[in-house]
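Here the protein sequences come in this chain order: A and B.
First residue of the first sequence: 255, per the numbering used here; consecutive thereafter.
First residue of the second sequence: 2, per the numbering used here; consecutive thereafter.
These are computed hints drawn from the structure, not numbers from a lab.
Just so it is clear, CB atoms sit at the ideal spot from N, CA and C, and this is done for glycine as well.
A portion of the hints provided could be inaccurate.
So the derived label-pair ranges between C-beta atoms look like this [stated by the list, open to error]:
| no. | chain 1 | residue 1 | chain 2 | residue 2 | range |
| --- | --- | --- | --- | --- | --- |
| 1 | B | 28 | A | 394 | 20 to 28 Å |
| 2 | B | 22 | A | 454 | 35 to 43 Å |
| 3 | B | 306 | A | 515 | 40 to 48 Å |
| 4 | A | 506 | B | 28 | 43 to 51 Å |
Over 10 Å on every C-beta distance to chain A, these chain B residues come out as not near it, computed from the model [unchecked claim]:
| no. | residue |
| --- | --- |
| 5 | 41 |
| 6 | 208 |
| 7 | 210 |
The chain contents come next:
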Amino acid sequence: MHRAMAQNRPCALISEVGREGLIQEAVDLMKQHFEIITHRDFLQNPSLSSKIQVVFLWDNKPKPDSSLISSLPALKVIANGGVGIDHLDVPRLNALGIRVSNTPHVVSNATADMAMGLLLASARMIVEGHLITVDPKTTRFPGTEMGFEVTGSTLGIIGMGHIGFKIAQRGRGFDMKILYHNRNKRSCEDEQAVGAVYCKNMEDLLREADFVVLAVNLTPQTTGLIGHKELSLMKTTATLVNISRGRVVDQDALVEALQKRTIRAAALDVTYPEPLPRDHPLLHLPNIIITPHIGTDTLATTLKMVQTMVDNALAAVQGQQIPNEVKPL
Amino acid sequence: MAQNRPCALISEVGREGLIQEAVDLMKQHFEIITHREFLQNPSLSSKIQVVFLWDNKPKPDSSLISSLPALKVIANGGVGIDHLDVPRLNALGIRVSNTPHVVSNATADMAMGLLLASETQFREQYMKRQCEMGFEVTGSTLGIIGMGHIGFKIAQRGRGFDMKILYHNRNKRSCEDEQAVGAVYCKNMEDLLREADFVVLAVNLTPQTTGLIGHKELSLMKTTATLVNISRGRVVDQDALVEALQKRTIRAAALDVTYPEPLPRDHPLLHLPNIIITPHIGTDTLATTLKMVQTMVDNALAAVQGQQIPNEVKPL
Numbered sequence: 255m256h257r258a259m260a261q262n263r264p265c266a267l268i269s270e271v272g273r274e275g276l277i278q279e280a281v282d283l284m285k286q287h288f289e290i291i292t293h294r295d296f297l298q299n300p301s302l303s304s305k306i307q308v309v310f311l312w313d314n315k316p317k318p319d320s321s322l323i324s325s326l327p328a329l330k331v332i333a334n335g336g337v338g339i340d341h342l343d344v345p346r347l348n349a350l351g352i353r354v355s356n357t358p359h360v361v362s363n364a365t366a367d368m369a370m371g372l373l374l375a376s377a378r379m380i381v382e383g384h385l386i387t388v389d390p391k392t393t394r395f396p397g398t399e400m401g402f403e404v405t406g407s408t409l410g411i412i413g414m415g416h417i418g419f420k421i422a423q424r425g426r427g428f429d430m431k432i433l434y435h436n437r438n439k440r441s442c443e444d445e446q447a448v449g450a451v452y453c454k455n456m457e458d459l460l461r462e463a464d465f466v467v468l469a470v471n472l473t474p475q476t477t478g479l480i481g482h483k484e485l486s487l488m489k490t491t492a493t494l495v496n497i498s499r500g501r502v503v504d505q506d507a508l509v510e511a512l513q514k515r516t517i518r519a520a521a522l523d524v525t526y527p528e529p530l531p532r533d534h535p536l537l538h539l540p541n542i543i544i545t546p547h548i549g550t551d552t553l554a555t556t557l558k559m560v561q562t563m564v565d566n567a568l569a570a571v572q573g574q575q576i577p578n579e580v581k582p583l
Numbered sequence: 002m003a004q005n006r007p008c009a010l011i012s013e014v015g016r017e018g019l020i021q022e023a024v025d026l027m028k029q030h031f032e033i034i035t036h037r038e039f040l041q042n043p044s045l046s047s048k049i050q051v052v053f054l055w056d057n058k059p060k061p062d063s064s065l066i067s068s069l070p071a072l073k074v075i076a077n078g079g080v081g082i083d084h085l086d087v088p089r090l091n092a093l094g095i096r097v098s099n100t101p102h103v104v105s106n107a108t109a110d111m112a113m114g115l116l117l118a119s120e121t122q123f124r125e126q127y128m129k130r131q132c133e134m135g136f137e138v139t140g141s142t143l144g145i146i147g148m149g150h151i152g153f154k155i156a157q158r159g160r161g162f163d164m165k166i167l168y169h170n171r172n173k174r175s176c177e178d179e180q181a182v183g184a185v186y187c188k189n190m191e192d193l194l195r196e197a198d199f200v201v202l203a204v205n206l207t208p209q210t211t212g213l214i215g216h217k218e219l220s221l222m223k224t225t226a227t228l229v230n231i232s233r234g235r236v237v238d239q240d241a242l243v244e245a246l247q248k249r250t251i252r253a254a255a256l257d258v259t260y261p262e263p264l265p266r267d268h269p270l271l272h273l274p275n276i277i278i279t280p281h282i283g284t285d286t287l288a289t290t291l292k293m294v295q296t297m298v299d300n301a302l303a304a305v306q307g308q309q310i311p312n313e314v315k316p317l
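Excised from the complex, chain A in its bound form:
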């Protein structure tokens, strides 16, 4: 990289390198086109504020609250890592002249893989099995509770967008019967590609599915989408899998349903908040798996997300159309 060109690179703010921030490989990718300033550097050098045109938002950090926004007069874009932007007030940011971008599609494979991984781990009791196997007190394998047969079971996908469709594809490999509920019915071609049957009424899907997988965006309409009523419609042998957002589910209702065995089990990559307080009942139930929001955490997908963020940010800085701009509805 020539020194002269380095001066011309626009400046972008990130939270930190490593620890709870971006991995080194991601930062290296960003540095090909941007001068990267960490939040700590920024706090120590407030004069940088007039240079920062981009915030690369990863895991909602550095948190774009009023305080940060008002200290970045040159900010043109918040380039989010991830497809969900429920944590951003897009209309407000747009009104301040700040555009918002996300990273759809590149997250879909890893997230769909995660959904299937959670589904299988829950159905076949892999976590419990592992804990029994490595337990210092285990001398014989006890007669364990039976798992649930995944092959040929019914997979109900709520939210058949890019991620939901890929989940259906994977489910089909297990000869699962695929039901889906979506704001809009998908084309016949799409449905046939994965053998998916549309359920106009979500209740029908809930009644029939052995595995209910949530793959929706978090919006006012989907907040608390799964509550007492929905859980009671589900089979007592059914499993709820959530790879959307914690708030799509009424967590108190879920706790009750799991305690009373209204449903068999749950497997969540997302909760509200993350992490849950240590005394939260969800952490103390036997019939739940929870992972720490790692649905996209593979090197391959992380780098694709970062490349997309870079492309989005470059377009914004150059005043061009942003490939993945998020506009208010």
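Take the given structure of chain A and dock chain B to it, following the hints.
Relative to chain A, chain B alone:
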């Protein structure tokens, strides 16, 4: 009619034995005697024609066999029969049956579950350590060693994740089979080991496959590769595996089977961060258990009636 039902020996109901639903199924055609009842009533010995073997219990050692003069068949639950000396039993006039095919779906599901869980767990671990991210399953290379009924179903499932499928088998499968799952044959197992991101073992345990995966094979594998074993513990040289996992010659392992089961509590495999081990639960779903038991019942009925057994295991 109950008087006319043939008698069959099982280990026990519940606990480490057969679930109630399984025993109920057997009772439709057999009078069921538990091992405890048999020990308390040795006179039952002349009536027992069948042993329903589940989890290698009641263990068919010489002592048991010699106390069952009327024994016609050992009907095994499961497809693997490496724990049975079939020639010796046949020489004593005892036939052996197993339950192929009905176990394949659940076992293939388990293989995929272990493969995915391996990445999930490791991502968790690595996040805590901040050193490495998970490995992307979609589009990765799945190498299946042993492309029988179970291996084929694993390939089917891998394809749903757009995985590239390589396989090694005693015999090449038909073009039709290969195309159905997009599988590419590796005549040399070494080629598969070099290229695969996930190596899944789906072979029978035989003298030829004992220790199939040892130091050499593990060193051929990528340092980013994961070994998944749903066959038998002895297909893998466990000491070599321990070393490979410690030195990160391979990235991780996920096993449903070990040797022995369970491992002694001080065994190194139990204390490594980059391994998942499940307690041989590959077929433990209600649906598959009942299918296995139905198959055992069908096999045993045929044996008792002197007919051809649907799934008789003959020496090679």
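Tell me the hint numbers this structure goes against, listed in increasing order.
none
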